[in-house]
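Chains as they are written, first to last, in my numbering: chain A, 5 to 152; chain G, 5 to 152; chain D, 5 to 152.
Honestly, the hints are just simulated from the structure, not real lab data.
Since the structure is predicted, the reported quantities are computational estimates derived from the model, not experimental observations.
Take these hints with a grain of salt, some might be off.
When chains are identical, the list treats them as one kind, so a pair holds in a single copy or across two.
[Unchecked claim] Computed cross-link-like contacts, BS3-like style, restricted to lysine-lysine with a CA-CA straight-line distance of at most 27 Å: (1) 56 / 119; (2) 73 / 144; (3) 89 / 56; (4) 119 / 89; (5) 122 / 89; (6) 56 / 122; (7) 73 / 56.
These are the residues of each chain, in order.
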Amino acid sequence: MDKRFLAVLGLFALLASAPVAAQQAAAGASPGARQASQNRMVFQVNEDDSRKWHTVLANLNNVQEELGKVEISVVVIGPGLGMLKADALTANGVQDAMAAGVRFVACGNSMQSMKLTKDDMIDGITYARAGYVEIMRLQKLGYAYIRP
Amino acid sequence: MDKRFLAVLGLFALLASAPVAAQQAAAGASPGARQASQNRMVFQVNEDDSRKWHTVLANLNNVQEELGKVEISVVVIGPGLGMLKADALTANGVQDAMAAGVRFVACGNSMQSMKLTKDDMIDGITYARAGYVEIMRLQKLGYAYIRP
Amino acid sequence: MDKRFLAVLGLFALLASAPVAAQQAAAGASPGARQASQNRMVFQVNEDDSRKWHTVLANLNNVQEELGKVEISVVVIGPGLGMLKADALTANGVQDAMAAGVRFVACGNSMQSMKLTKDDMIDGITYARAGYVEIMRLQKLGYAYIRP
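Model the full assembly from the supplied sequences, consistent with the hints where possible.
Here it is in structure tokens:
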């Protein structure tokens with residue numbers, strides 16, 4: 005009888021802990037939990053304005069210096085794409101930022117309407133079909149949205 | 005004895021599963037969970053700039069083409085309201101977007117200060133008292149914020 | 005035997021309820037849950053444009069009038085800092101908004117590059133090292149992002 009009693013208790017303890025574990029696993033996978041534990045930012049750049057581009061590069065540097073660990077994506081749309089062209093004055097700054105872990109994403113729809121191909125762009129950048137869809141995707145992953 | 009033992013086990017299994025169900029129900033109702041499962045975007049337009057209005061209409065089209073299923077609200081504030089006037093060059097584009105499921109929201113405070121009434125506006129758009137409160141409300145529902 | 009049986013049931017009921025309580029506590033502490041229950045907005049101002057500053061002050065007023073209870077932070081970056089200078093035409097408006105509970109945050113990096121010190125600024129504002137890091141921090145706390 006005692007054995008059976010202990011068996012019930014043991015099995016009970018085992019099962020009772022399962023929901024907690026399941027819940028913690030679920031919480032760990034939720035955007036909210038990721039938001040709370042990680043530093044993630046998505047910057048959006050739309051302007052054909054080299055002063056703004058240099059300011060954004062300085063911003064990225066400041067943010068990385070303050071936080072140390074931070075995941076940053078810069079999504080570049082429309083006339084902003086000039087920032088990511090291979091012959092842009094910002095090319096060195098963009099490459100430095102990529103070396104420091106920043107991810108740059110060019111909007112494919114904008115490239116098409118501006119008649120730009122990947123050959124025109126800085127090596128190592130990423131491409132999305134629609135920049136705004138990429139920004140939505142990142143916000144769903146807990147990235148804070150920043151529009152400089 | 006065996007019956008009682010089985011009854012304890014059965015009751016235990018029943019109750020042990022309840023927290024998981026409750027948790028899943030709660031997760032299903034949370035903004036984070038909605039974010040993960042649905043595509044929702046809120047665009048904000050403030051500018052008196054017909055080129056920007058047409059670009060935004062093209063953006064909406066691109067996003068819908070890529071995602072298929074997506075809930076989009078466009079909240080229009082201040083001088084941006086020109087985009088939603090019945091006599092605007094964008095009126096046809098706005099009506100096409102509404103037919104494709106996009107929701108347009110005019111800021112009531114802006115309308116008042118610009119002396120606009122509903123009679124001046126495109127039929128079928130929605131009205132909010134303060135556009136920024138509407139944008140907050142949508143972000144709380146998991147809408148990704150986009151500022152073109 | 006009956007006592008033991010009841011003890012098992014009682015202990016079981018106690019333990020089975022623990023995961024639910026733990027889960028509710030966790031949900032209460034998550035950004036998603038805070039988002040759902042509280043009105044929180046972070047406004048970002050970057051422009052050296054006194055008309056925009058006055059518009060933003062009017063926006064804050066409208067939002068507070070509509071919602072009653074709302075936590076608002078205004079993060080001011082780069083040339084926008086003119087809005088928070090002690091000698092700005094917006095100084096009275098900013099002080100009124102602070103009296104009504106709005107929190108204004110100046111970007112420390114911007115202050116440095118614009119050679120501004122706290123003595124130049126309106127009394128009672130808050131300072132952050134990088135304005136964009138402050139904005140990320142607030143979004144992680146469930147603040148809706150607004151870029152007027």
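Checked hints:
no.	hint	verdict
1	56 / 119	both (23 Å within a copy, 19 Å between copies)
2	73 / 144	both (20 Å within a copy, 16 Å between copies)
3	89 / 56	both (15 Å within a copy, 23 Å between copies)
4	119 / 89	within (12 Å within a copy, 33 Å between copies)
5	122 / 89	within (9 Å within a copy, 40 Å between copies)
6	56 / 122	both (23 Å within a copy, 26 Å between copies)
7	73 / 56	within (24 Å within a copy, 34 Å between copies)
Hint compliance for this structure: every hint is met.
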